[in-house]
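**Q** Chains A and B, in that order, give the protein sequences.
Start counting the first sequence at 1; every next residue gets the next number (the numbering used here).
Start counting the second sequence at 1; every next residue gets the next number (the numbering used here).
If you are wondering where the hints come from, they were derived from the structure by calculation, not from laboratory data.
Since we're looking at a predicted model, the values are computed, not measured.
Backbone N, C-alpha and C define an ideal beta-carbon position, used for all residues, glycine too.
Please note: incorrect hints may appear among the correct ones.
Some but not every residue of chain B turned toward chain A, in silico, with C-beta under 7 angstroms [unchecked claim]:
id	residue
1	8
2	19
3	39
4	42
5	43
6	90
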Amino acid sequence: MTNAVAGLGLAPDAAMVTFPIEMFLPGSDISPVEARKREFYDGLTRWRSAFAADGASASPMITVQGASVEDAFARANNLMLANRWGDGLPLWPPTRERVDWILRGATQPRNHRVGIFPPRGGVTTIETCAIALAMAGGRPEYLPVLVAAVDSFLDPASGSAQLQAASGSAFPVVIVNGPIGEQIRLNSGFGCLGPDPQRPAGASIGRALRLLQQNVGGALPGIGTMANYGGVRYTNVVFAEDEANLPSGWATFGTERHAFAPGQNAISLAFANGATNIRRRGAKKETPEEDALQGMHRMADFMRVPNMPGLTGYEHGTPGILMIPGVVANTMARLGWTKASIREFLWEHSRIPTEHLRRAGCPAWLEIDSSKVVRESIALDPWPITASPDNFIVVVAGGGHPTNSYWLQGYSPGVVGRALELPGGFDELLADAERDLGPR
Amino acid sequence: MNTLEFHDPSGAIEVKQPFAPRVSGLAGKRVGFVSNEQWQAFRMLPLLKSLLEADFPGIEVLPIDAFPQGNAVIGSEQTAAAVKQSGVDAVIIGNAA
Chain A
1 MTNAVAGLGL
11 APDAAMVTFP
21 IEMFLPGSDI
31 SPVEARKREF
41 YDGLTRWRSA
51 FAADGASASP
61 MITVQGASVE
71 DAFARANNLM
81 LANRWGDGLP
91 LWPPTRERVD
101 WILRGATQPR
111 NHRVGIFPPR
121 GGVTTIETCA
131 IALAMAGGRP
141 EYLPVLVAAV
151 DSFLDPASGS
161 AQLQAASGSA
171 FPVVIVNGPI
181 GEQIRLNSGF
191 GCLGPDPQRP
201 AGASIGRALR
211 LLQQNVGGAL
221 PGIGTMANYG
231 GVRYTNVVFA
241 EDEANLPSGW
251 ATFGTERHAF
261 APGQNAISLA
271 FANGATNIRR
281 RGAKKETPEE
291 DALQGMHRMA
301 DFMRVPNMPG
311 LTGYEHGTPG
321 ILMIPGVVAN
331 TMARLGWTKA
341 SIREFLWEHS
351 RIPTEHLRRA
361 GCPAWLEIDS
371 SKVVRESIAL
381 DPWPITASPD
391 NFIVVVAGGG
401 HPTNSYWLQG
411 YSPGVVGRAL
421 ELPGGFDELL
431 ADAERDLGPR
Chain B
1 MNTLEFHDPS
11 GAIEVKQPFA
21 PRVSGLAGKR
31 VGFVSNEQWQ
41 AFRMLPLLKS
51 LLEADFPGIE
61 VLPIDAFPQG
71 NAVIGSEQTA
81 AAVKQSGVDA
91 VIIGNAA
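Just chain A, same shape as in the assembly:
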């Protein structure tokens, strides 16, 4: 009900008299209407909206009580699910104490406005981000990455306004560059897209971003978002590039795409809607050159499919994010490969013969596209899956093992970058984390 009111541009605290659900069932006792008639009368005569005209009012506090700490915790979690603020996994109630602790990682005042979260239109402040991070089990040193990710997400160039509500099940991918990745225990190696108790930052930051998408942005399944499947949306994807194993002469992704200075703490945000492992290495007696080339063909062949996600962001976005482990990157670098030559190879060898496009009905999608570049690309045979090789994202990440690479299929109108600011006392936060989380 409040979402519906807010969606009309009204404050979400319309004069309402609320009763337990039992009164709305057939045969119910409706005498509480008479007992509480004064609330109806007040709603017509004396009620005033608690929301400031600029919508910048602070988040209200909620109180639950339980017979024990465990009971209160369970009631808080149940209430958050009932209010559609949860994701089904246990949440840490964002108490004042915990949110204030998270805000130690802020570089701006808590009421600083980051933006408006579509489609619901929730005002997103630093405090809003801290609340989500608290719920997601986060820590203060994660906040700079989360705030930068939210700022990028809300940048119109990201396409989030459409992707939040669309059926394509896009999820944000946040790539972190700079020393902060290692400092806050973002994973860049083995299992970097999955759970890691010693490197929990990516899961918390990504989950916080998802909670913001849902709780502030209103992206509830079937209501605020028509995502058919919604895969990889519990934690989104947040990882660091493995800069320690970047081959000599290879630039980080942040430097290549956004011209951030080497060593600059920064994030890049793109959207993807698919994730798959690609077996990369050879199985018999390949030479190093054959092993590298066959692996490149295997990856490009996988991308050469007419399922058309690359149309979203054909000009300025990305067809996807290719992750290759450091051990492979260094071997390839010794053979003369660079990130640029990898992108060129992928672009050239993932082109789709027009005949294959035609039998899959793809030309119609090209013809109706709003982009002139896309419409004109129909003349190209074979058809490139993206307008430029530079649109491919190639990052060095993953465990020190040569067998696999990973492809996050892009669905991304843009790729947005942000340099990070760090709060005063950041070193103290890191020391606290070492104390709390134990040795690595």
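Go by the hints and put chain B onto chain A.
**A** Here is chain B on its own, set in the frame of chain A:
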């Protein structure tokens, strides 16, 4: 008893349109109902109508079916226009669950 107090995580909403001003009192006023006919509205709203009529001298409460009813129509511009045209001072909308 153990108490947990925590933030509402849903963030503020930007207010682009103010709510209608409240009426100064209900005596002598004209009040209408807009019903979606759901969730026992057919019982609760008539009860509320009789309570208003008993408590406020000179009040005129329009019949529950004075305006179109049902979820499919109560949000329409036509219903809004009908409410405006009726000259009511206040409206009660129900029920949601």
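**Q** Would you settle whether the hint for residue 39 of chain B is holds or violated, based on the nearest Cβ-Cβ distance to chain A being less than 7 angstroms?
**A** Cβ of residue 39 of chain B sits 4 angstroms from chain A, so the hint holds.
**Q** Quick check on residue 8 of chain B please, does its C-beta sit within 7 angstroms of some C-beta on chain A?
**A** holds, 5 angstroms
**Q** So, residue 43 of chain B near chain A? Judge it on the closest CB pair being under 7 angstroms.
**A** Cβ of residue 43 of chain B sits 6 angstroms from chain A, so the hint holds.
**Q** Given residue 90 of chain B as an interface hint, is its Cβ closer than 7 angstroms to any Cβ of chain A?
**A** holds, 5 angstroms
**Q** With a cut-off of 7 angstroms, does the beta carbon of residue 19 of chain B approach a beta carbon of chain A closely enough for the hint to hold?
**A** holds, 6 angstroms
**Q** Can you verify the interface hint for residue 42 of chain B: is its Cβ closer than 7 angstroms to any Cβ in chain A?
**A** violated, 11 angstroms
In terms of the numbered hints stated before, the structure departs from hint 4 and from no other.
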